[in-house]
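Undergrad: Please construct the entire structure, taking both the sequences and the accompanying hints into account.
Each chain is listed here by its residues.
Protein chains: 2
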Amino acid sequence: MQSKILSRRDLEFLLYEWLDVEALTLRARFQDHSRETFNAALDTAEQIAIDLFAPHNAKSDSNEPQFDGSKVTIIPEVKAALDAFSNAGLMAAAQDYEFGGMQLPCVMDKALSGYFTAANVATSAYIFLTTANANTLLKCATPLQVERFVRPLFAGKFFGTMCLSEPQAGSSLSDIVTRAEHDPVDGPEGERQYRLTGNKMWISAGEHEMAWNIVHLVLAKIPGADGRLIPGVKGISLFIVPKFLVNADGTLGERNDIALAGLNHKMGNRGTTNCLLNFGEGKHRPGGKAGAIGYLVGEPHKGLANMFHMMNEARIGVGLGASVLGMTGYLHALDYARNRPQGRHPAEKDPAKPQLPIIEHTDVRRMLLAQKAYAEGAMALVLYCSKLVDEQRTAEAPEQRERAGQLLDFLTPIAKSWPSQWCVEANSLAIQVHGGYGYTREYKVEQFYRDNRPNSIHEGTHGIHGLDLLGRKVSMQDGALFKAIGGEIGSTIANAKSHEAPHELQANAEALEQVWHRIGAVTRALYAVGDLNKTLANASLYLDAVGHAVIAWMWLEQALVAAQRLPQASEDDKNFYHGKLQACRYFFNWELPKVGPQLDLLASIDTTALDMQDAWF
Amino acid sequence: MQSKILSRRDLEFLLYEWLDVEALTLRARFQDHSRETFNAALDTAEQIAIDLFAPHNAKSDSNEPQFDGSKVTIIPEVKAALDAFSNAGLMAAAQDYEFGGMQLPCVMDKALSGYFTAANVATSAYIFLTTANANTLLKCATPLQVERFVRPLFAGKFFGTMCLSEPQAGSSLSDIVTRAEHDPVDGPEGERQYRLTGNKMWISAGEHEMAWNIVHLVLAKIPGADGRLIPGVKGISLFIVPKFLVNADGTLGERNDIALAGLNHKMGNRGTTNCLLNFGEGKHRPGGKAGAIGYLVGEPHKGLANMFHMMNEARIGVGLGASVLGMTGYLHALDYARNRPQGRHPAEKDPAKPQLPIIEHTDVRRMLLAQKAYAEGAMALVLYCSKLVDEQRTAEAPEQRERAGQLLDFLTPIAKSWPSQWCVEANSLAIQVHGGYGYTREYKVEQFYRDNRPNSIHEGTHGIHGLDLLGRKVSMQDGALFKAIGGEIGSTIANAKSHEAPHELQANAEALEQVWHRIGAVTRALYAVGDLNKTLANASLYLDAVGHAVIAWMWLEQALVAAQRLPQASEDDKNFYHGKLQACRYFFNWELPKVGPQLDLLASIDTTALDMQDAWF
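Chains A and B, in that order, are what the protein sequence lines are.
Okay, so the first sequence: first residue is 1 according to the working numbering, each after it adds one.
Okay, so the second sequence: first residue is 1 according to the working numbering, each after it adds one.
One or more hints might be untrue.
What the hints assert, rightly or not - If you anchor each label on the Cβ, the simulated ranges turn out as follows:
{"#": "1", "chain 1": "A", "residue 1": "E510", "chain 2": "B", "residue 2": "H503", "range": "31 to 39 Å"}
{"#": "2", "chain 1": "A", "residue 1": "Y16", "chain 2": "B", "residue 2": "H265", "range": "35 to 43 Å"}
{"#": "3", "chain 1": "A", "residue 1": "E510", "chain 2": "B", "residue 2": "S475", "range": "36 to 44 Å"}
{"#": "4", "chain 1": "A", "residue 1": "D226", "chain 2": "B", "residue 2": "P567", "range": "25 to 33 Å"}
{"#": "5", "chain 1": "A", "residue 1": "W212", "chain 2": "B", "residue 2": "H265", "range": "34 to 42 Å"}
{"#": "6", "chain 1": "A", "residue 1": "Q564", "chain 2": "B", "residue 2": "A58", "range": "51 to 59 Å"}
{"#": "7", "chain 1": "B", "residue 1": "R29", "chain 2": "A", "residue 2": "S604", "range": "47 to 55 Å"}
Stated by the list, open to error - List time: in silico DSS-like cross-link candidates among lysine-lysine, alpha-carbon distance up to 27 Å:
{"#": "8", "chain 1": "A", "residue 1": "K574", "chain 2": "B", "residue 2": "K349"}
{"#": "9", "chain 1": "B", "residue 1": "K71", "chain 2": "A", "residue 2": "K59"}
{"#": "10", "chain 1": "B", "residue 1": "K157", "chain 2": "B", "residue 2": "K71"}
{"#": "11", "chain 1": "B", "residue 1": "K534", "chain 2": "A", "residue 2": "K349"}
{"#": "12", "chain 1": "B", "residue 1": "K349", "chain 2": "A", "residue 2": "K534"}
{"#": "13", "chain 1": "A", "residue 1": "K349", "chain 2": "B", "residue 2": "K234"}
Unchecked claim - Not close to chain B: a few residues of chain A, all C-beta gaps over 10 Å, as computed:
{"#": "14", "residue": "R27"}
{"#": "15", "residue": "P341"}
{"#": "16", "residue": "E488"}
None of these hints come from the bench; they were simulated from the model.
Backbone N, C-alpha and C define an ideal beta-carbon position, used for all residues, glycine too.
TA: If you want it as structure tokens, here you go:
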């Protein structure tokens, strides 16, 4: 029985047949692993996702966390699912053995994550915030902090959060005003303490009763000698601020001065508490006085850099979440289309003939094919990027690690944004395939659509990633990132041209070559303008165009593997590979050409939006 | 104070400055009207919408109708709003004086409707189903039926529904199986009665306690002499099936045999009851036996044609609903963008400078401009079509009426589908402008997004309208409709070229001319294929391409008016006209070019979706 959570066949294609994840087991860190241990981990993830995550997805959507003024109540299925996840050792799946981890490659860890997010994005959020938090701390915390906070996080005893935004500073972190002042009193093992005051907004998993403790990672500013906060990002430092203080022996101490000011109520992701937290307002008085006790992580004033250590991975995580929601929506729509009889072919004139399953209608097939192309294309990109994380960390040669880092830096805004854009579109098409049923909460696809929508907002909005790509990544290291990605795309194109690739893939390779060549020219033209506001005016469109080209590349890659394996494949596999080739055809015929007018517009240095005046609206 | 429901300035521009609705008052039917009476009606609508429709929009969304097994409970604000609407005489606004109407032109009636839908789509649904029902009856009911049912509908005492879909027959009406058998007993005034049995799905406003009675308009099949139902649409007849029978003196009689089997729970439109109704299952026994009593409307077997008398108007109504939701979302996003400070320009390096309102960011302006272009472009099209309804009904010359009918038939699938597609996109952009706040239910835009999504599903899915446009409208009357619309677009182009139009509009006219010319060529190529399944394979894409061209035409029309009025305009009006010109520029620079690759694909008779096999998914 095939689950509708994710396509295992597709995952194995991407991991083993395309990315050759097995080859990673030759490296020291992954030497205990094999395709068998990877598959066992996938089995475990799939089973827990089916048994414990998917069943309460709708229930948790319609029974949001409730705050009675003192405690937050969450339906018990959430904790049961998270406990099963932790007990299977999955919280530290990618970590060192010494943290109870399995030392799985990042790419496998992301594949596992996919199951949980696809099955239940709201419950999974508690996991991914905890691992993101622990991973960040591992990079820059002291050994004492690692012992006291990171170990219980990986054990699933403590949960974590990331506290960045403030009501007056959402995307603009340089404008945060949470203060962190030295506390004359030291912590339990003599470490320096700070007292934090300020309000943090949009804190997912910010308050609940499902873990012994909640470890907040908080961005705040240490005032200068004049008592004033330093403007800009340079003033930002990073702090651990636990819900309960932790004694030297690891037991929990006093309640820290963090108060839940209210829950946000979202369109989707409704099972995840999303909080406005007040730090240091005096609701609790640890050590006898107001002020949330926090511990500096890493150097002062380096908070943003420290927090952003894990940013590539967190952003790939957003892209992954968007992709798997697109995928599960697609699988649900496919199942519905195969089983719902309705109507006849246009050329059929006899109304007494039985109705056809709607998958027989070309327009329904188009909508399914588009979903497949979006979701599997997006999935390919996020797994490709995840493997780059492994390359960056574990590749033998330093230049290989460096190149992986360049590719990853370039692709991250795309891996975050493209799935967030197009897999919501996939979810909308999944609704459309279901007709009126798809719009009701009796079916699952409308929730996927709602759950997927924030992905182009959080972890940097779509517009901000456009600025990141065009304003930073493209010009970084004198254009080395752009050159690196061009090199990779170039080898795929060369493969498609020189191999015994089918004629159609050769034509696709030529189309991609032209587009990529043009992207280079447009990029130079944009930089030649000499006015940064003009260069970046249409950065979102640039992100869209480059994103489509990158996904076309992902499809050409997949099609090359499919074409190569097709002749010797089993009957089932033949169908699977034909599907890959047809989705590639769809992407090159229907999607890549959309880039043409986008590049025309960019090349013309269009100022329509830039010239628009407030008063004219 | 400008309300955020609709832009009155824009409405007046479209109605008076562009469509010259005042000229209609020269016709006999509208001779009592003037710009003053039109404005008074707009004032009334706006005020009731602000006072009684908008305030409970969110409440009604989070407090859905409840069914306790016998009655449906709806928050009282809904009835209060509907009563105020009826009491203002708006239920019959476009009707003859003899039905208590105001004899307003259709285009004014639609403009008024826009306020209520924008303010509260769920509450408005009760109105529009009632008027659609009554309008249909007026076309084909007997005088007795008009007295007994239509008058109370226009008076707001009875409410109406349209009962078409069945669980096994959504889009495919030819497959309905609701039976209507002759009843040996006659009705209260001797009219022939039928007994109906069957299940009707997706019945909006199907059950509630807000009106004295509910008049269901039901499609059903009268069995042939052999007792079997006739396959296909030819077997379908139309019936009035009231919730309560109506005595000869107009008082209510027995409860009819209609039972609410359950409510559907939707993603949006949550305040409108949406019902599965069982007819004739024996829950009630009017006249002592099971079977829902119904009265034939018009001739037997002509049910679909009778029901579809009002289809153009109903479909324009869907397009209007989508447009005004796009518009109100835009106005909310605009207000937010003007008042939310966040971030600085890319070229600004001093973080101590105050944050700017986000409308200062080019990408935010692009998102606002896109919303404006989508919503005002869509609004222009639905009002243009509504005016065509008036032309079709009241124009002096028969050839003028005929031409209006041709234009209307051609444009209806576009007026229904384009706003439903692009104004959801506008709502998504409204969320994006709000950032994380837009994704929460504490702000209004996420509801607009949810409320707008069904518009590309109901009243014929997007795909079905593609088939209607390419498969029927284009070839109808030997291409006369296509020729008529080409003629209209051609005169706009000629105007833009010959007038003292700004140079840019002349260039736009040329771009539109080329696109329209190409649409003609592509249409001929599609029809030359000689295989209907291939001709129609990509009909949705054809609808998208023609839709974009039509909206470009609407923008060119608006821009011509704006350009002409700009020199003599007041300061405020200058800003308004500049806004129109900039939105036109946006549409021609950013949107119309999207049509290029779509036409390439259509011209290539692409079979990617057609060739896709079920087994390959």
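Undergrad: With reference to the structure, classify each hint as holding or not holding.
TA: Hints and how they fare:
1. In this structure the hint that E510/A and H503/B lie 31 to 39 Å apart at CB holds, the actual value being about 38 Å.
2. Range check, Y16/A to H265/B: about 42 Å between beta-carbon atoms, so the 35 to 43 Å window is met.
3. Taken as a hint, the range 36 to 44 Å holds for the pair E510/A and S475/B, whose Cβ atoms sit roughly 37 Å apart.
4. Taking the beta carbon of each, D226/A and P567/B are about 57 Å apart, not inside 25 to 33 Å as hinted.
5. Look at W212/A against H265/B: about 37 Å separates their beta carbons, and that is inside 34 to 42 Å.
6. A hinted range of 51 to 59 Å for the beta carbons of Q564/A and A58/B is consistent with their spacing of about 56 Å.
7. For R29/B and S604/A, the Cβ-Cβ distance of about 50 Å falls inside the hinted range of 47 to 55 Å, so the restraint holds.
8. With a C-alpha separation of about 57 Å, the suggested pairing of K574/A with K349/B is violated against the 27 Å cut-off.
9. Between K71/B and K59/A, the direct Cα distance comes to roughly 25 Å. Compliance with the 27 Å bound is thereby established for this hinted pair.
10. Restraint check for K157/B and K71/B: satisfied, since their Cα atoms lie roughly 19 Å apart, inside the 27 Å limit.
11. For the given pair, K534/B sits about 16 Å from K349/A by alpha-carbon distance, which is consistent with the 27 Å threshold.
12. For a cut-off of 27 Å, the pair hint linking K349/B to K534/A stands: about 16 Å separates their Cα positions.
13. Of the pairs offered as hints, the one joining K349/A and K234/B holds, with about 13 Å between alpha carbons and a cut-off of 27 Å not exceeded.
14. Every Cβ of chain B is farther than 10 Å from the Cβ of R27/A; the closest lies at roughly 36 Å, confirming the non-interface assignment.
15. At the 10 Å boundary, the C-beta of P341/A falls inside the reach of chain B, the nearest C-beta of that chain being 8 Å off.
16. Here E488/A stays apart from chain B, with its beta-carbon at least about 26 Å from theirs, past the 10 Å limit.
Violated hints, listed in ascending order, are 4, 8, 15; each of the other numbered hints is respected by the structure.
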